[in-house]
Amino acid sequence: MSFGLLILGIQSILVISNFEVFMNLQIAITGRGGQGVLFLTRILSECALQIGLDVIASETHGMAMRGGSVISTLKVGSFRGPLIGSGQADVMLVLDPGSYATFANLLSSNGIAFVNTASSTDLPHIDATDLAAKMGSPLMSNLVLLGFALGHDRLFCKYGQVEETAGKISPPRFKDANLQALRLGYSASQKEKA
Amino acid sequence: MKKILLGNEAIARGLLENGCCFAASYPGTPASEILSSFVQMAKAAESPAMGEWSINEKVAFETALAVSYSGGRAATSMKQVGLNVACDPLMSSAYTGVKGGFLVISADDPGPHSSQTEQDSRMMAMMAKIPVLDPSSPQEAKEMVQLGFQISEEFEIPVMIRPTTRVCHSRQGVGLGEIPTPAIPTGFLKDPQRWAATPRYRLVLHRQLNQKIDAIAEKYGKKAFSKILGGKNASQCILSSGVALAHTYDLLKELKLENQIALYQVKMPYPLNGKDILEKINPHKDILVIEETDPVMEMQLAQRDRIKGRMDNSIPPQGELIPDVLEECIRKFAGKARETKPAPAGRPRRPTLCPGCPHRAAFYAIRQTFPNGIYPSDIGCYTLGLNLGAVDTVLCMGATISQAAGFYHAYRMKGEFPPIVATIGDSTFYHAGLPPLVNAVHNGAKFILVLLDNSTTAMTGNQPTPGMEVLADGRRGKAVSMEDLVRASGVESLSVVDPYSLEDMTRALKEADKACRSEGGGVAAIISRHPCLMDQGVEKKKRTERVEISDDCIGCRVCTDDFECPAIEMEPDTGLARIDQTICSACGVCIQVCPQSAINKVSSSGF
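These protein sequences, in sequence, are chains Z and V.
Here my numbering is used: position 101 in the first sequence is 130, and no number is missing along the way.
Here my numbering is used: position 304 in the second sequence is 395, and no number is missing along the way.
In short, the hints are calculated from the structure, not lab data.
Among the hints, erroneous ones may be present.
[Said to hold, decoys possible] Result set (BS3-like, lysine-lysine): computed pairs, CA atoms no more than 25 Å apart in a straight line:
1) Z:204 - V:93
2) Z:187 - V:94
3) V:692 - Z:197
4) V:692 - Z:163
5) Z:197 - V:134
The structure presented is a predicted model; accordingly, all values stated were derived computationally and were not measured.
Chain Z extracted, bound-state conformation (with noise of 0.2 Å):
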């Protein structure tokens, strides 16, 4: 009996371990209503499921979606909860700098943020914007973001990933230009290594 608990127990931790090291991920994208949160959050969602991971999301509705502070949170990993609590985020996705420091407290120590922005910050930033508006699609700044936030490598998938999970569930007149976008801030992150 006693054996047999000891087993128990070591493939526990090994499972927990391996959960730990490998697959639990919180990530929160904030911006403001209209800029894309929700579709960021539905290409991770479906990555993650594409991949075989669980995944929990939580989106903002309703009122705040015209033009204030929206937040999303996802969970990738053995979680049960949607939303995440302060210090918690391993990575945030900023669509507008203006939102951050509503949000920054989500941040854990060890985190990465990942900033559209003209401005100049410590954090990694990129002016997805800007991009995206010499693109001739203003309004894609979020998927530049995304490409950008891949291009380090701190997220559960990989660009090739998000590619084909992106170019599955964008509508069909947006698709090229959505693919363009992700590939305009992954390539930013590359060159900005080189």
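Given chain Z's structure and the hints, the job is docking chain V onto it.
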């Protein structure tokens, strides 16, 4: 197969997989997507199941209930304050009972995020004496549809499913089953002592209801209670339901408290099988009840000295139970030191009317024409007329018209007659504006009523209104004219204007004021009509012009502060206005607002 679904989509899918043939709803956050998904999924599966957007929640409830009386499985969905509107049929249908399985899906909004109250629909279930299921995730919400129909048909009783915002608007991989062709209603079997019961028989029905609810507690109360975390020797335990359970589960693991505290899930918070629960949790020394938003389970459990929760302030008595709040409660319960959490450093941006929103133009004209007016308003996007200083009251659906009448009578007693300008959206007017309008006219109230008609239910995602020719599933319906309804209510002064012309809108307001002050005047109505720009159904004109600010700008801030358009911002370096072309709709209303004539439309060819 698993598919990522929003909680509301999971509920819709559950309805269809379980043979629901009819669903009716009125849109309201966080419940809106249940009906729209139901209709879309039914269409995709070529199911004959029908869904309708009803004029309000009471009508939705009663219509769906008659389908159940006829033997079909039916459901009605709404937000929690919608259930207030449907409270009358809810209470009565608990007595009459149902035939085909009947689900009342009432989505609560602890926080509140998009509502005027934080009320707990489970309290309403308790008041009506019907069982209520409380899902903790989208997957569970879908499973509860099946359980709900089963209980409903076995005991011929309406069953409530109570998701909250964090279930409705969560996304999760949800297991999918087949969508069968639903059983068509078998037909209505007459039984006047039941369906048309007089008070004498109502007493009989009440006795039956009490017997049903006891039997449900006995049979399903035990099944709906289970331990989901914690060792055998855990000295303490937590009883929880809904999404608060999910967050508690994550926190107990994060704080490594699983061995000290056992976690039990209650899937059916009313009726509780208190005897069974207390027996099972008896070995634990302390008991904490965590639920949103009111102490529904806590009140049903005896042994007050052992049970902590909302009632002894172990859990805050209001507000959403977000992880930070729960962590503090759980730490205290476990005797663990408190940990200071980083607080938000900034305030969230407030929501605003969209760039190009026709309501902004209407509110601006109202405020400019009657700077000292009283502005009752109502529920919808146009509540954001607050930002323009043109909304003074927001109570509940339709109240703007009754309250405008009340303000008129109050001031008349004082011997005064201030301008009173009530605003109400088209969907809200159809929902609850008609009885107060007839009432105001009949009782001699005098005020200006501005019907903000953007031809959609905008706030909740652009669902159709009875003023339109389109139905929930895209079929053609009969449009019921707002003009005809207003005139038929006895209103004699009525004009229709496009608020994009501030001049026309201002003239209409002044004429309406004159009309209600004239001899024999009463309610003077203006339909301020321009379609919502967010509505996908509205044909988009190709943009050939754009709006720009010239060198004549002196930085007076009228366009940003008084007109409050989010597409105009003040350049920090120069202090002058600048247009954000990425969100500007080129509506051109700001051109009429600028005192310096510094805003112009220019041809955007070559842009």
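So, going through the hints one by one against the coordinates:
1. Z:204 - V:93: Between residue 204 of chain Z and residue 93 of chain V the Cα gap is close to 24 Å, so the pair holds against 25 Å.
2. Z:187 - V:94: holds, 21 Å
3. V:692 - Z:197: At roughly 40 Å apart (the allowed maximum being 25 Å), residue 197 of chain Z and residue 692 of chain V break the hint.
4. V:692 - Z:163: Holds, at about 23 Å.
5. Z:197 - V:134: Measuring from Cα to Cα gives roughly 21 Å; hence the hint holds.
When held up to the earlier numbered hints, the structure conflicts with hint 3 and nothing else.
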